[in-house]
Each structure stands twice: as C-alpha cells, then as structure tokens.
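Asker: Under my numbering, think of the first position of the sequence shown as 1, with each following residue one higher.
Calculated from the structure, these hints are not laboratory results. Keep in mind that this is a model prediction, so the values were computed, not measured. Quick reminder that beta carbons are idealized off the backbone N, C-alpha and C, glycines included. Check before you lean on any hint, since a few could be wrong.
[To be verified] Derived CB-CB ranges, DEER-like:
id: 1; residue 1: S106; residue 2: I147; range: 29 to 35 Å
id: 2; residue 1: D159; residue 2: L240; range: 43 to 49 Å
id: 3; residue 1: P152; residue 2: L66; range: 23 to 29 Å
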Amino acid sequence: MEMFFYGFMQRAFQASTLIALIAPILGLTLILRRQSLLADTLSHVSLAGIALGFLIGVNPTLTTVLVVILVAIGIEYLQDVFRGYSEISIAILMSTGMAVALVLMSFVSGQQTKSIEQFLFGSIVTIDEQQIWTLFILTALVVALYIIFRRPLYVLLFDEHTAATAGLPVRGISLFISIITGVAISLIMPITGSLLVSAILVLPAAIAMRLVTSFKTVIWVGTIIALLGMYGGLFASYELGTPPGATITLMFVFLFVLTSVIKAVTKRRRLG
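Build out the structure end to end from the sequences listed, making use of the hints.
Answerer: Set out below in structure tokens:
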C-alpha cells in the first residue's frame, strides 16, 4: 500500500509493534494490582519532567524518566503509609505533579510551551530512529523480565501474603514494577501523548480479560488485540487524517465495546 512507502509510516508501524508487545504485560500487571490509575498518574506527572527539561536545557526524556522514577518511589511509600487506601497516594501525587508542571511551564518561553503541549497528544508518525531503538531496548527488557520472572510475578499479583510467605521480596518487586512502568510511560508518551498513554497500556489487557481468564492466555490475546488496535488506528488515522494517538485509543474503545457486546449476546444465548 501507498502508506508503507513513507519512512514515517514505516517507523510508526515499528513503534506500534513494540508498544503492542509490552502493553498487555504492563497493563495486566496494573489491573491485577488494582493500580490502573497509576499509569494515568505517572503520565500526568511526567509533564513536570518535560517542563523541567525545557527549563534547564536538558533532554526532556531524561528528566521525565528521573521524575517518574521518583514519583513511583513516592507512590510506593505513600501506599505503605495509607495502607488499604492506595487511591490517596495516587490523588496526592497526581495533583502535585500537575501543579509542579504548570508552575514550571510558566517559567519557560512561549515556543518551548508549544513544544511541551505537543507531548500532551504526541505523534506516532514523527518518531525518529533513536526513539525506535530506545523503545526496542525497553521492549526487549520488559519481555525478558516477564519470561524470567513470570511465576513469581503471578504469585505476587494474586496473593501478596503467599508471596511474602514464600520469601519473595514483595516490597522490592512492587517498587520495581512501578519504576519500570514509569520508564515505559516516559518513553511511550512522546509517541502517544500523556493524555492517552495510560489507555493504550491498560485497554488491551482489559479487553483480553473479557475474552479469556488464564494469566498467560490474557497476555497472548492482549498482544493480538494490541496489534489490531495499533495497526487499525494507524490505518484509520492515515485514511481519515485524524490524530494517530486519539484514533488508536478510539480503536481500542471500539474493540472493548465489540467484545463486551459479543460476550453479552453469547451469555444470553446460553441462558436462553
């Protein structure tokens, strides 16, 4: 097809493939830990890292990674302080991060402010080779860690008390999951935008959970769904001239609604 003759579309599909490989792993982990809003929190807080980067003249991606790591550590600490009320830590840090971002943005120049605003929505069709390679390294790391630590992760996600009894470093693993999620969001955000990155991470796993129940199968089905959503969104975006990140998100929402309707109809037929 015509779109594949363009270098930016080739890179867009490469990035989509890499994101699709890690989205179900990170998304399912967040869902099972009841931390779906963690991705949304980190994506909003990352704006503070972007503004800080522009303010001090450093690569915004580097400052964003640093900020989200610190926030991830802060979330783990506050969740321990407010044990049983984890949403409090998310609310505190999300509002703090947005407030810091707005204050920092007030100190940068007008042109830089426009550059910061571009991170809100991202653009998967403007990524360069360096971003592709960085995303490739992240994908390889996440997939490798999942394959190696799949069993301990399974125990931790479903029963922390059993994991602690088995001698697993629950606190350390939980902190590492938050950090790796934050780093992933930092690297994916320039592509999909801070407002949409959490949906792109969580929705593939959420859709897969409507179809299958096995932990391992959810990852495989989620990967297929992620590929369908990413590729379908890119095709639709190219043909309709709509923003890629938003179109991909709407494609995932469509798949979620479609699978929910199919499951409801199937269930009704069985009961009938």
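Asker: Range hint 23 to 29 Å: satisfied by the CB atoms of P152 and L66?
Answerer: Because 28 Å falls inside the window, the suggested range holds.
Asker: Can you let me know if the beta-carbon spacing of S106 and I147 is within 29 to 35 Å?
Answerer: violated (45 Å)
Asker: Note whether the CB distance of D159 and L240 lies within 43 to 49 Å or breaks it.
Answerer: About 46 Å separates the Cβ atoms of D159 and L240, which means 43 to 49 Å holds.
Violation of the numbered hints given earlier is confined to hint 1; every other hint is satisfied by the structure.
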